[in-house]
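> Chain by chain, the residues:
Number of protein chains: 6
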Amino acid sequence: MRVDGRERLQLRPIHIETGYLMHPEGSVLISVGNTKVICTASIEERVPPFMRGEGKGWITAEYSMLPRATETRNIRESSKGKVTGRTMEIQRLIGRALRAIVDLSSLGERTVWIDCDVIQADGGTRTASITGAFVAMAIALNRLGEKKGFKFPITDYLAATSVGILKNNETVLDLNYAEDSKALVDMNIVMTGNGEFVELQGTGEESTFSYQQLQDLLGAAQEGLMELFEHQKSALGEEITSKIEARRKK
Amino acid sequence: MRVDGRERLQLRPIHIETGYLMHPEGSVLISVGNTKVICTASIEERVPPFMRGEGKGWITAEYSMLPRATETRNIRESSKGKVTGRTMEIQRLIGRALRAIVDLSSLGERTVWIDCDVIQADGGTRTASITGAFVAMAIALNRLGEKKGFKFPITDYLAATSVGILKNNETVLDLNYAEDSKALVDMNIVMTGNGEFVELQGTGEESTFSYQQLQDLLGAAQEGLMELFEHQKSALGEEITSKIEARRKK
Amino acid sequence: MRVDGRERLQLRPIHIETGYLMHPEGSVLISVGNTKVICTASIEERVPPFMRGEGKGWITAEYSMLPRATETRNIRESSKGKVTGRTMEIQRLIGRALRAIVDLSSLGERTVWIDCDVIQADGGTRTASITGAFVAMAIALNRLGEKKGFKFPITDYLAATSVGILKNNETVLDLNYAEDSKALVDMNIVMTGNGEFVELQGTGEESTFSYQQLQDLLGAAQEGLMELFEHQKSALGEEITSKIEARRKK
Amino acid sequence: MRVDGRERLQLRPIHIETGYLMHPEGSVLISVGNTKVICTASIEERVPPFMRGEGKGWITAEYSMLPRATETRNIRESSKGKVTGRTMEIQRLIGRALRAIVDLSSLGERTVWIDCDVIQADGGTRTASITGAFVAMAIALNRLGEKKGFKFPITDYLAATSVGILKNNETVLDLNYAEDSKALVDMNIVMTGNGEFVELQGTGEESTFSYQQLQDLLGAAQEGLMELFEHQKSALGEEITSKIEARRKK
Amino acid sequence: MRVDGRERLQLRPIHIETGYLMHPEGSVLISVGNTKVICTASIEERVPPFMRGEGKGWITAEYSMLPRATETRNIRESSKGKVTGRTMEIQRLIGRALRAIVDLSSLGERTVWIDCDVIQADGGTRTASITGAFVAMAIALNRLGEKKGFKFPITDYLAATSVGILKNNETVLDLNYAEDSKALVDMNIVMTGNGEFVELQGTGEESTFSYQQLQDLLGAAQEGLMELFEHQKSALGEEITSKIEARRKK
Amino acid sequence: MRVDGRERLQLRPIHIETGYLMHPEGSVLISVGNTKVICTASIEERVPPFMRGEGKGWITAEYSMLPRATETRNIRESSKGKVTGRTMEIQRLIGRALRAIVDLSSLGERTVWIDCDVIQADGGTRTASITGAFVAMAIALNRLGEKKGFKFPITDYLAATSVGILKNNETVLDLNYAEDSKALVDMNIVMTGNGEFVELQGTGEESTFSYQQLQDLLGAAQEGLMELFEHQKSALGEEITSKIEARRKK
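Protein chains in written order, with full-length UniProt numbering: chain L, 1 to 250; chain U, 1 to 250; chain A, 1 to 250; chain F, 1 to 250; chain D, 1 to 250; chain X, 1 to 250.
Note that these hints are calculated values from the structure, not bench results. The model shown is predicted, which means the values in this text are computed figures rather than measured ones. There could be a bad hint or two in this list.
One copy or two, it doesn't matter: identical chains are merged, so the pair holds either way.
[As the list claims (entries may be wrong)] Capping the alpha-carbon separation at 27 Å, the derived lysine-lysine pairs in DSS-like fashion look like this:
id, residue 1, residue 2
1, 167, 56
2, 167, 80
3, 82, 233
4, 56, 182
5, 243, 147
6, 151, 56
7, 147, 82
8, 82, 167
9, 167, 151
10, 249, 80
11, 182, 167
12, 182, 249
13, 167, 249
14, 56, 249
15, 243, 233
16, 167, 148
Can you make the complete structure from the sequences, with help from the hints?
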């Protein structure tokens, strides 16, 4: 039994509240246990300079934490005057992951801006951000497609979770902060609804892991991700899920 | 009748949800109509260098908006690498206002960090921040006083609101964004429970105002502030309000 | 009697030297007692991006202090790599105040850049900056109007002063640094020649003030401001004052 | 056959020149085909603040490219005034990877600074950096251990390489820039001499990959890594390799 | 005859007003023709970290221009968030030059901060800064020596001027802006009262100069510098000049 | 005899390896004793904004050191977020020097970007950078002239060296770091193949120098520079040297 009473391969309770904010084209508040992230999607009618003239869209993400999302107060990155390496790494991951399931040609020369703001952190903020951002983006693209005249561009579901190996050598799913800070191995997996990998990041924290352990971790992740896709479908509702199914390769 | 159906001197609906986040010593989500701000209070066991050795505490505030708190997406200040003038002005205002109703000697050499993060903006974000931050701070100081061994240092209530003169020359209370962006005169007032001014900032927006108009604005603000104090008292509950009453000059 | 021998409601000696620098379109050295500020006005033939295409002008201000304008040396903001909150607040105030008495449509798509550089500081640098900047701007706009083909756009005089409540509860006018640093209440008032308020910023410094005290402060300020307008008229001379009178609403 | 004539699972020619610079405690020039990186290791007699008092050492890495390491000139990060997200991600990866095969307690409260400066880039700069940095660090730690009085702290070999899936669905080892920029999937693998994973980062570039493809990629990487360890051993020589063997878990 | 009516080897009119500001230990307003610089000297009772424990003092300089010191408005370096290369070069030059005529051991572990703020620029701002800063520093060191208990540490006079070769191949002394911006060769010379060089910086501006031309330039500079020393002596007065003479090597 | 066994007026061994990197249009590795600098030249098909429309080219330089080019590790300027004064000064010097021997009209509206990256430092990095950058630039301009349709624009050779006066009052040529850090006087001289000065920077390091010493320094430099031109000619080869000779004024 784990520190919060869960089974080894049990996710924390998931809630995805859509329409959380009034201004963004798409917004959700996602809770994964005590981790809470506001994810919004905004559409800009142009692409960054390096993409211009290619007839394709772009997706970019920003990630931030409130100073007291964490146990002790963090200095704001705006006060420091620069963004940390950790934040940049997460931002790049979120953007890259979402681009894998969007047909950028359908989107046309538009940028989807994803903002993930962690209001409460208890481990797994980057994976919760990806899972929530997918929903916010799908809502925004559904809402704007007809108005702006582009085809619904999402080609599959996308969610993320973490798996890890604890000090007792147990493989566990969806680590909370207490587990994550002591894990020997930490792996984040981003997967499509079809079970294909988009991103796989496994790290031995001053430790290493064997080929066999890797297989166990991948199996554990797969279970959790299938459950996350179901939460996304419920949150998105009939209209959007049927559009995704229509574009999905079987 | 105003754009959202209110009377001239009617506040928007106010909600103050305490204990909003799990980590901070004090936290609230305050809603003033559609304006929503997460206010947290954190205590640090030291003061900034310029205060050291004086045996007194300090209160400092930071303010930020989520990129899509607003109608169109704002660039994050962490991405810009610097904080705008508007943000700095608001941060200084919040800190200064709260210091007026705290006995810094009772607090001892500690810093109260106030964080106001606007998650949805519809006008009046700085005044909502002050009103909410007061509650978060009172909760934090009540919780920590005994543990850290200092006397409850808050000497009165503190709330803020805006008043303004619209294009039709009507004086109104608690402007929303649509009203604020077109007002001829905009005034923010921070007041104590005893009806004393802490801060008064009146600005003619490419306009001016007479002595008589100033008196009308002050009267309108007073009405709204009295109502705000009642909301704060409900949110704070018996234990804390009685401690404030005990220190209040009559 | 005050620390420098003045009466309660007496301004310090005022000197406004016009044509102080050879390059700017308008420049003054203003002295308010020992406070000395070089104010210049420059005209740029375009407006910032957010104003383009509206057919209106803009006025923006920058404020700085020499490192040894003060008793102890301040670190230059250029060395720090960023501008402090105090500087930004003052810059925004100066620009906002000047815009209130300029008909921006008459100005056309031009920007007036105001630079206020404090070479010696003894309290009241922001109000001296506004009073001096008004004169520099009027000279620049008078000089360039015919050449550039726009109508003289200034619609009234504009000056600023400070009032405050000292520890002995006396209300005083035009605080010097020694008074300002110990005042209970500090208020800056920007007013037009017609006696209308443009900006009113009153702050209790870890203190508060009552409605009655506010009335006393406003009365004191009014006296000082009337005198400042006379100094401005002398400095500007016949030609410019008559142009201002011509546009002034009576 | 690949664009440069290699077999699918063939590394590019590897050269590791030790003692490349006169000042650093350890330095190498590593060439992996046309990719050339100067790796240096420096020892500082203290650890960063967050590590103080724990009796353990730390390893941190910086990575940079000369502006014309690449086909078109890149703007220097020192001119931009900030480090890009890509650079931060690589720096964090190098440091994390090296920490996995160093017994930080043996090192004592010292910091190893790794600098990887790419002088010519043709794909695989981050993996070449890790492979080269390992050698530079081992030389530095061997040289300084006796002098500074710490036990040789390296517990195994460490090398990195890339594998990927090209547009023709072929799995290849050690991608050059031409291959990397068009690959569907790109995976970097950091492994110890014992064949354990330290870091696994697989990314679908606007694409995805299946469980079976992952297994193929891992197999390909393993072949290349075994060859890289042999190059490291030759470069390090008898004395250092025997020290590593002595600490290696079998 | 030159553009402003001067002879080839004639300086512009020089004025050095001492005691220009009330706060600094030493301050002057130096005018060299239309170039006007406020130079101040401040003493700090410690040295920078790299000098600590050596029992010697340090001299450091900062240089800045008001935005409208020049014909067209310059962006403030504080607004840009960084100091330009030109400013840094001048700051380093001023500090280095002054250190050559100060016995840093006599000064003890103190820092002299020199601030040169150009309020009006018409060529030669860096040489005017050095000439004026010398006077401000001598006044400050004279005033503070007895109080702080150190021996007067200045060992000789120090002044600077420019010479150049114009398009007509004439060698001229003390170039104004119009001359400087078109000169083929521009040379700044810093010299001691004994006629020794401290700094010599000659630059062909997209041009070159011969050995013979160099000799002509040096001769021209010498003439101007002797005159500048006389202005410095008048400004400093009997007490300080006799202290300098006492320490001067003959 | 000097610390490294050289005669007073003897250069250190010089090697200039051309074609050092595969991507830049021109690149060299220059070694002056233990000082090693990678110099590259890149051509951009536009000029900076302040040069546009003049039909002339521009040359700009950047200079940097690897962190462990020096005895103790330097903090990277990209990590600091700003470029030091020393770096800016050297960058400006390199660009200015090269512009003196290039006919910018022949170049047309193009920018030559020079990058000098010091990989090992032992004194004289700025002069080695200029000497090496000249060769890299000549190769790049020769290679691109025909392709881009501009006339070979280099009008003479250009090299730089240092001379100085040591503590024993000896004048020496080409100071290494040990000599440079203790020299009384340090002078950098940039000269054309025709023996004309381009730049002359002599500095007394808390010291001064006489007119006679200056003459000795100039003589010493001339000897070294003539030798450096021969090294440049060998490195450039027949084709390029004959193009330079063709444009050289005799």
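> Give a verdict on every hint.
Going down the list of hints, with the structure as the test:
no.: 1; hint: 167 <-> 56; in the structure: between (46 Å within a copy, 20 Å between copies)
no.: 2; hint: 167 <-> 80; in the structure: neither (35 Å within a copy, 38 Å between copies)
no.: 3; hint: 82 <-> 233; in the structure: neither (37 Å within a copy, 39 Å between copies)
no.: 4; hint: 56 <-> 182; in the structure: between (43 Å within a copy, 17 Å between copies)
no.: 5; hint: 243 <-> 147; in the structure: within (16 Å within a copy, 53 Å between copies)
no.: 6; hint: 151 <-> 56; in the structure: within (13 Å within a copy, 41 Å between copies)
no.: 7; hint: 147 <-> 82; in the structure: neither (37 Å within a copy, 36 Å between copies)
no.: 8; hint: 82 <-> 167; in the structure: neither (35 Å within a copy, 38 Å between copies)
no.: 9; hint: 167 <-> 151; in the structure: between (49 Å within a copy, 26 Å between copies)
no.: 10; hint: 249 <-> 80; in the structure: neither (45 Å within a copy, 40 Å between copies)
no.: 11; hint: 182 <-> 167; in the structure: within (7 Å within a copy, 40 Å between copies)
no.: 12; hint: 182 <-> 249; in the structure: between (39 Å within a copy, 22 Å between copies)
no.: 13; hint: 167 <-> 249; in the structure: between (40 Å within a copy, 18 Å between copies)
no.: 14; hint: 56 <-> 249; in the structure: within (21 Å within a copy, 51 Å between copies)
no.: 15; hint: 243 <-> 233; in the structure: within (11 Å within a copy, 50 Å between copies)
no.: 16; hint: 167 <-> 148; in the structure: neither (52 Å within a copy, 32 Å between copies)
In this structure, the earlier hints numbered 2, 3, 7, 8, 10 and 16 are contradicted, and the remaining ones agree with it.
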